[in-house]
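Visitor: Spelled out from the first residue to the last, the chains are:
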Amino acid sequence: MSWHPKIPLHVFVFLVPGVLIYTIFSAWPLIDTLLLSLYEQDDSGARHFVGLANYNILLFDNEWSNGFWNAMWNNLKFFVIHMLVQNPISLLIAALVSNRMLKGANTYRTLIFFPTLLSVVIVGFIWQLILNPLWGVSETLLGYIGLDDYFDAWLGMEPTALITIALISVWQFVGIPLMLIYTALLGIPDELSDAAYVDGASPRRIFWKIKLPLILPTLGLVSILTFIGNFNAFDLIYSIKGGLAGPNFSTDILGTFFYRTFFGFQSSLGSPTMGATVAAMMFFVILVAVMIYFYLVQRKLQRYQL
Amino acid sequence: MFSSLFNSSKNRGNSAFIHLFLLAYTLLALFPVFLIIINAFKTRKGIFNDPLALPTSATFSTKGFEKVMANSDFFHYFSNSLIITLGALFFILLLGAMIAWALSEYKFFGSSFMRFFMAIGIIVPIRLGSVSILETIVSLDLVNTKTALILVYIAQGLPMAVFILSEFMAQIPKELKEAARCDDVSEYKIFFQIILPLTRPAIATVAVFSIIPIWNDLWFPLILAPGEEARTVTLGVQQFIGQYVTDWNSVLASLTLAVVPVLILYMIFSKHIIRGLTAGAVK
Numbered sequence: 006m007s008w009h010p011k012i013p014l015h016v017f018v019f020l021v022p023g024v025l026i027y028t029i030f031s032a033w034p035l036i037d038t039l040l041l042s043l044y045e046q047d048d049s050g051a052r053h054f055v056g057l058a059n060y061n062i063l064l065f066d067n068e069w070s071n072g073f074w075n076a077m078w079n080n081l082k083f084f085v086i087h088m089l090v091q092n093p094i095s096l097l098i099a100a101l102v103s104n105r106m107l108k109g110a111n112t113y114r115t116l117i118f119f120p121t122l123l124s125v126v127i128v129g130f131i132w133q134l135i136l137n138p139l140w141g142v143s144e145t146l147l148g149y150i151g152l153d154d155y156f157d158a159w160l161g162m163e164p165t166a167l168i169t170i171a172l173i174s175v176w177q178f179v180g181i182p183l184m185l186i187y188t189a190l191l192g193i194p195d196e197l198s199d200a201a202y203v204d205g206a207s208p209r210r211i212f213w214k215i216k217l218p219l220i221l222p223t224l225g226l227v228s229i230l231t232f233i234g235n236f237n238a239f240d241l242i243y244s245i246k247g248g249l250a251g252p253n254f255s256t257d258i259l260g261t262f263f264y265r266t267f268f269g270f271q272s273s274l275g276s277p278t279m280g281a282t283v284a285a286m287m288f289f290v291i292l293v294a295v296m297i298y299f300y301l302v303q304r305k306l307q308r309y310q311l
Numbered sequence: 220m221f222s223s224l225f226n227s228s229k230n231r232g233n234s235a236f237i238h239l240f241l242l243a244y245t246l247l248a249l250f251p252v253f254l255i256i257i258n259a260f261k262t263r264k265g266i267f268n269d270p271l272a273l274p275t276s277a278t279f280s281t282k283g284f285e286k287v288m289a290n291s292d293f294f295h296y297f298s299n300s301l302i303i304t305l306g307a308l309f310f311i312l313l314l315g316a317m318i319a320w321a322l323s324e325y326k327f328f329g330s331s332f333m334r335f336f337m338a339i340g341i342i343v344p345i346r347l348g349s350v351s352i353l354e355t356i357v358s359l360d361l362v363n364t365k366t367a368l369i370l371v372y373i374a375q376g377l378p379m380a381v382f383i384l385s386e387f388m389a390q391i392p393k394e395l396k397e398a399a400r401c402d403d404v405s406e407y408k409i410f411f412q413i414i415l416p417l418t419r420p421a422i423a424t425v426a427v428f429s430i431i432p433i434w435n436d437l438w439f440p441l442i443l444a445p446g447e448e449a450r451t452v453t454l455g456v457q458q459f460i461g462q463y464v465t466d467w468n469s470v471l472a473s474l475t476l477a478v479v480p481v482l483i484l485y486m487i488f489s490k491h492i493i494r495g496l497t498a499g500a501v502k
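Chains as they are written, first to last, in the working numbering: chain A, 6 to 311; chain B, 220 to 502.
Because the hints were derived from the structure by calculation, they are not lab data. It cannot be assumed that every hint is accurate.
With a cut-off of at most 30 Å between alpha-carbon atoms, the simulated BS3-like pairs for lysine-lysine come out as follows [to be verified]:
#1 B:Lys408 with A:Lys108
#2 B:Lys396 with B:Lys326
#3 A:Lys216 with B:Lys393
#4 B:Lys286 with B:Lys365
#5 B:Lys408 with B:Lys393
#6 B:Lys326 with B:Lys408
Some chain B residues well away from chain A (every beta-carbon gap over 12 Å; in silico) [unchecked claim]:
#7 Thr275
#8 Met288
#9 Asp292
#10 His295
#11 Glu324
#12 Lys326
#13 Arg346
#14 Asp360
#15 Glu397
#16 Ala398
#17 Glu406
#18 Gln412
#19 Leu417
#20 Gly446
#21 Ser473
These numbers were taken from a predicted model, which means no experiment stands behind them. C-beta: ideal position from N, C-alpha, C; glycine also.
Please model the entire structure based on the sequences and the hints provided.
Guide: Pasting the structure below:
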């Protein structure tokens, strides 16, 4: 081996092609982005080192910080809606379909998972049509249960647009946590719940007292995956609302803010260095969340494992 | 033993309630797609007068489809997506299996660092490096090419592939490879002729995990290949619908064209897909 005698040639051959592509197109760009956030680009395209000045602008200069904090806050709401709606629904459905005595459990699981496979772009357009007051489908459907008076152009109104889009995202992605939780539930040995059943515990009690504590690590994993997915989301909002994330930036999240900063929109030009700074901030947010996750999993959740 | 739970008369009502809930949720999951498809086959009048009705002889129309076929390069985009997805998938599986084998079989200087280095890619979204990725693609003169997207998707898919495959390879019985080594079979032959065929079940799982995000991605096509030449079906549909937003026939038809292939593939492969996704469940 050229640089280290301890690596045999065949190991080198197995590693190099993949690691090279991964390094050039994933690992290095990430490091390079973090470095680039420390530079400023002038009109001629030359770059100068400016230290943390870009972060100072992004976080404290009103021209930038208002947009950034708005996107950050919206992103947090987006995440909280997923945690409060998507993951509990997934848990409930997984608990129901993991009972092998339930007829048709596999069919339910297969059908409920289907929307996950669709492109977010398609899902965005489908719901745009369905929620369009012009078409009136939603109003008619709500009319069947007497709620038509509550219908409004939810996607177009500032207070409801973000919640509506988050719920559309929930509708699409319920299948992923569902599968993870379902797999974890199946992994619990039958003997445990059978023993509890013999002792007279109700199925509900068995679920809360035995199964739920055992799948806590999976629920932790689902939470961190939801967080990473949400703080990296872009497609759905872009396809429903475009890069401007209207109305009045009320659906702007970090992904769309990053896109506008990097590429520009309407009259303002994009900036690679400010774009890199936004991406670096997203990286740090995800990093903190991942560190909290590992801390909690290592310290707290492992105790419950068999 | 658990059957008694559901067969006892006390629990029969409970079970009916469970079915009702699951049925209602299934309806919620499928109805939007169903609604789009039935309305794609209607006249404009039919779409607006009674959106919830199936197409009748009076309202049946394929005008939307004719328009979409005439106006857009749907098949061009479709074949682009197919080439990009399958191309990236092939290399994710091959190169991923090679790295996974190197990491799970051989102990060498830096192997634990390498494991950590690959794991970063599972946690940190590749999109965050987009600014730099675009600069690299520009300097390689690969903007608006399928190659650019394939390379980026390989980099995106490898970490997860390595993770799943190396977990699986670690469980392959030692005797198999030791016997081969005694017979002086080369390490390459051991990998390609013994290990790779044994890894097939895990490769199916990785394939499911890799295909979906690549096929459906909007971000990288938008940034690296927005031009006509390498445009994917996801980006194509996004732009096409953006232009024809008031032409409901065309919008519904193009949505249907984008959904139906996925629907058909899912009907054929759902068993494998679900099995791949729940591969961790050992029972």
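Visitor: Could you tell me which of the numbered hints above are not met by this structure, giving the numbers in increasing order?
Guide: Per hint list: 1, 3, 11, 12, 13, 17 and 21 violated.
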